[in-house]
Every structure is written in structure tokens, then in C-alpha cells.
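Asks: One-letter residues, chain by chain:
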Amino acid sequence: MNTKKTKELLVFVLFILPALALVLFASDVPFVMNMYYSVFNWNGISRDMTFVGLDNFVKIFTNDSFFWISVKFTLKYALFFVIIVNIAALTIAMFLASERRSNSIARAFYYVPYIISMTAISLLWKFILGPGFSSLYQITGWEIFNWSWLGSGKLAFIVIVVMTTWQNIGYYIMNYITGIIAVPTELLEASRIDGASRIQTATKIMLPLIMPSISVCMLTSLTFSFKIFDVIMVFTKGGPGNSTASVAYNIYSEAFLNNNYGLATAKSVIFVIFVLCVTAIQTKITKGKEVEA
Amino acid sequence: MKLGKQKISIAWVVVLLASILWLLPLLLIFNNSFKPYNDMMQNFLALPKSLSLDKYIETWVDFGFPRLIVNTLSYTLAAVSGILLFAPMAAYKLARTKTTLSKICFILIIMPMMVPFQSYMISLTRLVSNVRLTGTRLGYIIVSTGLMVPLAVYMIHGFVKNIPIELEESAEIDGAGPVRMYFYIILPLLKPVLTTVMVIDALSNWNDIIVNQLIVGGKTAAMNLQHALYARFSAQTSDWEHALPGIVMSMIPCLIFFIVMQRNIVSGVTAGAVKG
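As given, the protein sequences belong to chains A and B, one line each in that order.
Heads up: the first sequence begins at 1 in our numbering, then just goes up one per residue.
Heads up: the second sequence begins at 1 in our numbering, then just goes up one per residue.
Pulled out of the complex, with its shape left as it was, chain B reads as follows (with noise of 0.2 Å):
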């Protein structure tokens, strides 16, 4: 606990240790998705006698992976880019502004983060058939991104209080009209923040499966990865020789890009915490 140099205990062998048993759940899956339904059943701690990549590549084709990771990426694409293109538009001209009317519009939208989703998704869905939009694409990504847009603004609102005003009134002598100020001034200046957002909204996109559930519903083509799985391998618990590849592929882009993206993964999601 003394930092710079530790001292070598037992204790903290003991922390090390746990870590890998903390990953021995996904090691355990990984382990059983080459091996027939026997051999898990035999002995699911033993390696697989080979490594055939058959099961996988029947999940792959039977299941229409290649469709579902098509959808889940557009959604997950189409909901980041709309949160990088409107949160940061929003978020600066409400911090920027001091009117009555901009501290309403900014309560609105942070609001959501005070309410829990839980209590009022049975009305969302209630809205969303009003409008005719369950079981459609649109539907689901103007939802999921809805979503994401008060955490979004209120992470950004916070760093652009920060950003010196000098530089929008310089920027506004020299003839910048307020939407290339924007653009070519203020946004350059997001990056961090918009970095972290992306992090975190990515990666929720893509995990998602309630909002997937409650707006799509039965409609397997809007599907996305999580919700076709989880629809498939729950109510047949015993085709777990197809359950498992489709876990195991379902999870490694998120394993890929929480490698690539480490650094700003962990403190993005901190940063997230005053989400309440």
C-alpha cells in the first residue's frame, strides 16, 4: 500500500493470484467451445482434445452471424456518430449561454440521469408503438441514442466551462460566424471528452440488450448480437456446443477494442460515476 515500492506479502501475492481466477469464468468458456458436448459434460476443466473450429463456423452460418454483427456495428455506428455530432453541439451552447431558457433545455436533458430507465421504460416502449417505430431499425437507434445523450452532455458541458472564452471572442473578431466557430474552434478542443464518450457509449451500444428487447421485441431481422443470442441459447439451454462458440465470438471485439483502448476505457467509465 506504500506506493512507488511494495513491499512483496503474501496478501498481495493472494490479490495477484485472484485476478487470474477472475478471468477463469471467460478462460473456462473459451476452454469448452471446441470440445463436443461429451467431453464438457465428462470434464469441462480438461483442454479439448483438438482444436476444430467446426462448431464455430456452424454457429457462424446457422445463426447468421454475419447479419447480426452487420446490424449490431450500424447500430452501434449510427448511435456513436449521432451522440459525437449532437451532444457536443448542445453541450456547448448550453454552457455558453446564460439564459432561463438554456438552464431549462439543460435540466431537461440531464434530467434522465437523476430518474432510473427502469421506472419509465414500460412508457417508452408505450411511446415508441405509438409512433409506429417497434420492431424497426429507426426505432431502436433514435432510442439507444436518446439514451446516451444526457450522461454524454453532461460529461462535455463540464470540460467546456473549462475552455477559456478568450478564444471564442478573438476567434469572433476575426468574422468567425457561430457555426464555424464551432467546428473549426471549439470542437478540435473536445477531443479528450469525446474520446471517453465514444469509449463508453460504444461499448454500451454494443453490450446492449434491454432496449434492444423492449424496442425491436420479436422481430429477429432487427436483432442485434446480444438480444439474437441470448433469444437463441436461453430457452435451449442444451445446444451448448453452439452456445458457447456464439459466445466466445459475441465477446471478442469487445475484448479487441478494451485492449486497444485501455487507457481510455477505465477512465472513461470512472469518469462516468457521477452518473447516479
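Bound conformation, chain A alone (with noise of 0.2 Å):
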């Protein structure tokens, strides 16, 4: 019997370990080292650690202006690409729900940008934005493409809100599209025969029932503009000045470029806590708006 259960523990190791290793050594053992070194003065470098407790934390909440613009960023960024996103995926989905050629067809044009790597997504937006709008200024004369897309903090989050949305879309609108095609047609039809127009059908019948799906689009959107690093990494750097550096890029930098390594793990441990709550409000609240057909 004691055998069999060492045979069976040591076939249990075998197939677990390698898996197990890599996230340990990945994610599981990076992120403990983090919160430990959250609570020391460190440049990341040399060989003196310091011991500083909570100081870290104290001085992000009273001075740390950088990160307090970042946080801002980050939720006004969240605010207009979760509402833009959600509502034209959701719109559009409606659209081309039925199975038609044209329709696939068009799901997979919106869905192109999706798989393009940041890379190509950034260097193709700056020539856009740069010889593109120029050439355009001098053909059309319009104001509107002389603006200084990049240069302004303004209108680089626009840019940044409307690229995100261009590159996403697609993979929402699949989404919607999965959740309206589970909904019984008769449903719908019911509805009309009572008299109800086309967009009560849609805002009275469809949109409840399809609240599992707008839930987890609105959580996934909600978290991925929480998260916003690459973008901002790979497009922006967080200029012109700070006005487009996220939360995540905050503590990037915080790390990298000022060697401020015990402080950017504190800032990151606050993000953690942060993500983990709204994540737990959204899902909560969602939740108790479905319905069931």
C-alpha cells in the first residue's frame, strides 16, 4: 500500500514539475520577490539595502506627483476606452451576427488588427500620423492633419483611445457576436409580433440577455486599460512629457530609468491591490444583472 502511494506521488511530481517550475520561476517567484522588496530602499544595483518599512508607501500617497498623473491617465483612459469600445463592438456585433458571407468576411477585416504585433501597430500609426497626415495637409490644406498629433498631451490620448480601439475592436466584437448567436431567435421573433420596433427588441430583449457577454467584455476591457503598458512602452514612452505615461509605464520607468527599484516594487504591490478590487466590484456588480432566458 505505502508503495502504491509513493508510486502514485512520484508520478503526481513528474507530471506536475515542469509546469510548476516554469510559473514559479515566471510569475509566482518574481511577484513574492516584489513585495519583498517593496519594503526596502534599493536601486535595484548595488549591493546596500536598506530596511525602510512602509516609508515607500508613505511617500507615494504624499509625494510622488508622477504617479498621481499616472493614475489619473490610466482611469480617464479607462473610462473612454471601456465606454467607446463596448458600445461600437456591441454595435457592430448586432450588425453582423447572421451568418452571412459578407459578414465574415467583415468580422474578420475588424478582426485583422488584432493579431498585428505592437511593433508593426506603432511604427505603422507614427508614419501615419507623421508623412502620412503631412502629405494629406498638403494635398487638402485641412487644419486639421498640420495639428501636432504627438506633441500635444491632449491629443495624444486621443490617439492613443482611438489606435487601442482600432486594434481591439475586432476581438470584442467576436465576443458580442458568441453571446448574441446564443440568444433563441424566438425570442426576437415574439417580441416583433407583439409589436415591439426594432430597437426596443433590441435594448428591451436582446441587450438583457446578452448581459454574460457584456459583462465579461466590460471586465476584459476594464482590466486591459488598467493594465495599458505596451502601447504606451512601444508608441509613446509616456510623452510628450508625462501626459501619457499609464500606471504600469509609472512604475516601468520608476525602475528602469530612475533606478528607484524599492519604490517601484511598492507602487507595483498598491497596482496589484488596486486591479484585484476593481476586478472584484466589476464582476460582482455585472453578475447580478443577468438574466436568464
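Because the hints were derived from the structure by calculation, they are not lab data.
Backbone N, C-alpha and C define an ideal beta-carbon position, used for all residues, glycine too.
Treat the hints loosely; a few may be bogus.
[Stated by the list, open to error] In silico contact screen, one side only, chain B against chain A (beta carbon under 8 Å); selected entries:
1. Asn-43
2. Leu-47
3. Pro-48
4. Val-153
5. Tyr-154
6. Gly-158
7. Val-160
Assembly of the complex is requested from the two constituent chains, each provided in isolation within its own frame, with the hints serving as guidance.
Replies: Structure (C-alpha cells):
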């Protein structure tokens, strides 16, 4: 009996270990290290680390204006991105849900930017906003093409919202279509027969029934916008000034550009707690609104 | 919005036409990649005067595309095969073992799905440099594989739970050991979910730039395609004559993969939606 148990354990370890070791190395251990470093004053390179307790956290809350600017940017971005991408994707999805050749081609077109790398996306938009717009300005003379789109904080913000919506919308459209297809057709037909208008059917019947898709998409877009980093890192590097630095980018630059390693890890601890809280609240709210067909 | 038979409305046509607008940035890049710089500046909407591949060939040779493609392809192959080998093994055993140890291991493996990568990436680079893997191909492969394990295990775990256990019980009676049982009975049944995992991970690995930047840093020999292109052209923004063909060439494998695997990609990526 005992040898059988040992053998079972051995098999278990054999099956689990490679995957577990990889995750421990790539995520779990760094995550714990992060919490450990957050109570030290350290530049990330030198040997001397001084234990400072919660000083890093106090500093963030009392004396770190750049961090709060980045919080403001991230929240503002989240607000715009979540609303725009969800409304646009849901509207488009309603039109493209039925099985038609033209619809499936259009879906694929909307989806293509989603599978393209951040490098290509960022260079591509730099090209369009730079040489592209200046050539359009010469042709049309419209002032809008002459604005410095990446040179002012306000315009750069618009560019980031538009660009990320353009890139990600296909993903949300597909999610909504999956939800719409699952709605029983009889319900929609019944409401039409009962005299509901197209818009009434869409808002009063369809919308409550696809609440699960809405909650998934809201949650995904919300966490996506809180975590926004790749775009900032590759596209604007937080500029102009600090106007487009997101929280994640602020953490990154604190660690690697300012060499305040301890402070940066403290910020990321706050960041994790914040993201976890918001997703928990969000899940609770949207789960309560779901109805069954 | 009525399923099946759709009335042709103006709004529907607008949505269809807008989808072409969605491709416009890509088409513009493709269009301009054949032009000399002056022609781009003059009118970037105009079609190129000639379809000469000179700039493509220059970019291919000057920026060492063959090496970059070999690098990126081998990274993607290594990471994806690592995932396909290790993730189903772990997911299967975790789903079938009902012990506390198994529960703890499961939580440890899927924990990173709940925590944003951006929050621990700085300590990750620290850890990688502590074990002297910074700037190495091996370091990059280990990390990028490790980052893809949680979602893969989570998805496969959910799939295994729906496989009837009787199959394994009868195989055991027939005398199959745990290893044979896994490779001959379980693995073939996992094919649908493994395809999904493969598609998600292959795309994200091919397109990765952030992890490569963090782990490889400035070490040119170990850069992947996206990182090298970015490092080269984001600094020299005026060299569009070579940047555009570079972008187009970096996208082609992705687009081909998309066209071939379209069905799997769409269903796969939406299946990954559970990832927080």
C-alpha cells in the first residue's frame, strides 16, 4: 500500500513539476520578490539595501506627483476605452451576427488589427500621423492634418484611445457575436410580433439576454485599460512630458530609468491590490444584472 | 439583427464599409512600402509608380532578416512545444488528483492569471539576471513559456474535467500504466483544446516585444523580429523606405497564419476571455 502511494506521488510530481517550475520562475517567485523589495530602499544594482518599512508607501501617497498623474491618465483612459470599445463593438456585432458571407468577411477585417504585433502597429501609426498626415495636409490644406498629434498631451491621448480601439475592437465584436448567437431566435420574433420596434427589441429583449457577454467584455476591457503598458512603452514612452504615462509605465520607468527599485515595487504592490479590487467589484455588479432566457 | 434573414439597411452597409476602413492603415502601409520617400511625402494615398522590390531586398539583407526570422521562429517553436508538452500533463494530473497538494499546485499555477504581468515584470528581470540568463536565448524561451503556462493549464484543466473518467478506469484494468494512459488515451482526446492553446500562444509569441525587451535587452543576437525592427526604426523615424517593407515582412507570416487558422483563432481567442 505504502509503495503504491509513493509511486502515485512520484507520478504526480513527474507530471506537474515542469509546468510548476516554469510558472514559479516566470511569475510566482518574481511576484513574491516584488512584495519583499517593496519595504526596502534599493537602487536595484548596489549591494546595500536598507530596510525602510512602509516608507516607500508613505512616499507614494504623500510625495509622488508623477505617480498620481499616471493614475489620472490610466483612469481617464479606462473610462474612454471601456465605453467606446464596448458600445462600438456591441453595435457592430448586432449587425454582423447573422451568418452571411459578407458578414464573416467584415468580421475578419475588423479582427485583423488584433493579431498584429505592437511594433507594426506603433510604427504604422507613427507613419500615418507623420509623413501621411503631412502629405494629406499638402493636398487638402485641412488644418486637422497639420496638428502635432503626438506633440501635445491632449491629442496624444486621443490617438492612444483611437489606436487601441482600432486594434482591439475585433476581439470584443467576436465576443459579443458569440453572445448574440446564443440568444434564442423565437424570443426576438415573439417580441416583434407583439409589436416591439427594432430598437425596443434590441434594448429590452436582446440586451438583458446578452448580459453575460457584456460583463465579460466590460471586465476584459477594464483590466486591459488598467494594465495598459505595451502601447505606451512602444508608442509614446509616456510623452509628451508625462502626459501619457500609465501606471504600469510609471512603475517601469521608476525601476529602470530612475533606478528607484524599492519604490517601484511598492507602487506595483498598490497596483495589484487596486486591479484586484476593481475586478472583484466589477464582477459582482455585472453578475447581479444577468437574466436567464 | 434578426438572425438568418437580414434586411439590408443603410446602417448594415455602413458597418460593412467601415470594416474596409479598418484595413485601411494596413493597406496604406503596403501601398507606401513600394515608394521612394519623396513619393510617400507627395501623396501617400497614390498608388506606387512601380512595384519594385528593391527596398524589400535591401531591408531583408541589411537588417539581417534571415537571422531574425530564424530566431523568432525557433523561439515560437520552442515555447509552443514546451507548452504543448508540459501544460496538458500538469492540467490532466491536477484535474484527476483530489488532494490538498494538488489544489495548492493548481492555485500556484493559475495565480498569474489574476495578477497583472506588469506588476511583477521588474522583479522578473531581476530574477533572470540573478541566475545569469539575461540576454540569452534560453532565458527568453524559459520566461516566455512560463508566462503562457497558466492560461494553457487553466483551459486544458477545464476540458479534462469533461472527459468521462470511465475511459481511464477501463484502461487501467487493461493494465495501462499512468504514462501510457496519458499519452495513448488522454492526449489524443485533448486535441481541440490543444489546437486553441497552440494558436493563442504561437500568435502571442511571434508578436511579443515586451518580454523580449525585458529579458534580452540590447543583446542584438538574441532579439526577435519585432524587437529588432522596433529597436532599429523607432529611433530613426525618417528611414520609412526601409521601415515599411520591414513592417510588411514582419506581418506576412502572421496574416498567413490568420487566414489558414481563422476559425481556430477567433474561437480560441474568445475562449481565452476568462483570463482576467
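Asks: Now tell me if each hint is right for this structure.
Replies: Hints, one by one, checked against the model:
no., hint, in the structure
1, Asn-43, "holds (6 Å)"
2, Leu-47, "violated (14 Å)"
3, Pro-48, "violated (14 Å)"
4, Val-153, "holds (6 Å)"
5, Tyr-154, "violated (11 Å)"
6, Gly-158, "violated (15 Å)"
7, Val-160, "violated (12 Å)"
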